[in-house]
Amino acid sequence: MTHPIPPGTRDVLPDEMRELRRLEAALIDVFSASGYGEVSTPTIEYHEVLARGDERGAPAAYRFFDESGALLAMRSDMTIPIARLVSGRYAAEQPPFRFFYVARAYRAVRPQRGQMREFTQAGIELVGAEAPDGTAEVIEVLARTLDAAGLSRAVIGLGDSVLYGQLLDELGAPADARARILATLATHDLVGLEAEVDALGLGAGARETLLRLPNLRGGREVLDEAHGLGGEAVERATGRLTATFDALAERGVADRVQLDLGLLRDLGYYTGAIVEVYDPALGHVLGGGGRYDELMGRFGRPLPATGFALYLERVHIAQAEEERLGNMSGEPPS
Amino acid sequence: MNPPVVSGVTRAVADGPLRLAVPRGALFGGTLDLLDAAGIDTSAARGDSRSLVFECGELVLVTMRPSDVPTYVEAGAAHAGITGKDVLLEQRDRAVYELLDLGYGRCRMVVAGRRGDPRLGESERRLGQFRIATKYPRIAERHFEDTGRQAEVIEVKGSVELAPLVGLADGIVDLVDTGRTLEENDLEVREEIVVCTARLVANRIAHKLRAAEVDALADSLREAAAGTAER
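These protein sequence lines are chains A and B, in that order.
Here the numbering used here is used: the first residue of the first sequence is 96, the next is one more, and so on.
Here the numbering used here is used: the first residue of the second sequence is -14, the next is one more, and so on.
One chain only, chain A, in its complex shape:
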């Protein structure tokens, strides 16, 4: 007799569980060796607290009332709970704080898309360290984590979350057009972007800058190309990215990074550098993160911060695919 479980959830059997635990242990080794301490927070929080971190309600999909009528929500990531934790439990302590977690999180699914409602994230948060050094430290840990998982071909995309918005402000784009343009970028609609930019009626130079930037991705030469496009916002963003990239080069992990000026993540709390993780064997991103220098302030303890999270199950699939293709490096999780 088969009893159903909700779509987007799954049972894990011993063979896969063994491999997942092995992967988890490899990631935890890197986090610990890098000086990060493990934390665990409740799966359910007050909705009001999660919404404080992201005005749009921290895309919490599952909300319910407890016995006293309080509105609770299942967390949709670990960054906001950790921001809450730092502001409350470390109020009197001196930063920086280094935390890692391996934890379940929950999202809404659309039917028949094979999306997961419940999934595991493994990640770190570095609270109280400024850009570019804090950013570079987190990206270095990310690179070492990917190595530990044996994903030698994985690439870290590095962009700037506020560049495009600032550029539009500088060019005097009206608020409604600005919102529409950022929406086309967030949905990767470059045809729509061109139409919206044309509707702004800007000069040829500004138009080219707006249309070329989202396609600039690659090594250090990308920064020179962007620099050549000119403008103060581009200047500031390339300045920030150059500083981060130099710091990464010093740490010996710059070759893992692809600069990407079109990168835009749609969580409400990013303020600067953003990263995404790709592996050539997989059609989806493995994870991501970035700087969120204003999130801690929303919880009453303003501190600069950076973090990343990897989707554990996807990293596991990437491992299996790379192994099958004969591309595993280092110590394969035997």
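Take the hints with a grain of salt, since some may be wrong.
[Said to hold, decoys possible] Simulated coverage check for chain B against chain A, where a stretch passes if three residues somewhere in it have a Cβ under 8 Å from a Cβ of chain A:
no., region
1, 78 to 88
2, 158 to 166
[To be verified] Covered by chain B, per the in silico footprint, the following chain A stretches (three or more residues, Cβ under 8 Å):
no., region
3, 276 to 287
4, 375 to 388
Keep in mind the hints are simulated off the structure, nothing from the lab.
Ideal placement from N, C-alpha and C gives every residue a C-beta, glycine not left out.
Please arrange chain B on chain A, whose structure you already have, making use of the hints.
Frame of chain A, contents of chain B only:
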């Protein structure tokens, strides 16, 4: 730290030549012509072969229904693809890059009703809403929502022109090329929703990790499309 969509249908992406998803059906001929103009020899795909996958120089063409293109490209089973804007609008939650308007396959998405029949307006006036049959429920719902009207959208899979003829619906939302099918069924265009053309789309990961090849393909198709448009 998360992208909005967490998908369980995560599949391996092939190394080797770039895979392009090509729509069979109305866009097939135009697509092969454009690829030819871009210097890609598509003769292998032109025969009446039952095969679905064709090696054409540096590209592998994977042929499929236009509405399946976003599915294959989002999952990475094809690195890039060509399909109609109507398909992309109907499946707007698919996370793919829309890189290029290719210009051909030009059609209009319209609201149509029976010629001389006031039922569409009448239903709205008397009942405050009307019934619309369509193969594009999401485009239709969005259009009526955006224009502040209430419509009961009924999804049908086959000939949508049938619905108003036998009273299933007051009108239809459908893609119109020459308008002959509408005419033959005694229907007329009441509103135009959007003009749809063929688009080049790319997988998110391929757009980053195979940037040079994806950009080269987009550039050559952009040039070919501009050249075809001039002629």
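Now the hints, each set against the structure:
1. By the rule of at least three residues with a Cβ nearer than 8 Å to a Cβ of chain A, the coverage given for the region 78 to 88 of chain B holds, with 8 such residues.
2. By the rule of at least three residues with a Cβ nearer than 8 Å to a Cβ of chain A, the coverage given for the region 158 to 166 of chain B is violated, with 0 such residues.
3. Restraint check on the region 276 to 287 of chain A versus chain B: 6 residues with Cβ-Cβ distances below 8 Å, three needed, restraint holds.
4. Residues of the region 375 to 388 of chain A lying with their CB closer than 8 Å to a CB of chain B number 10, which satisfies the three-residue condition for coverage.
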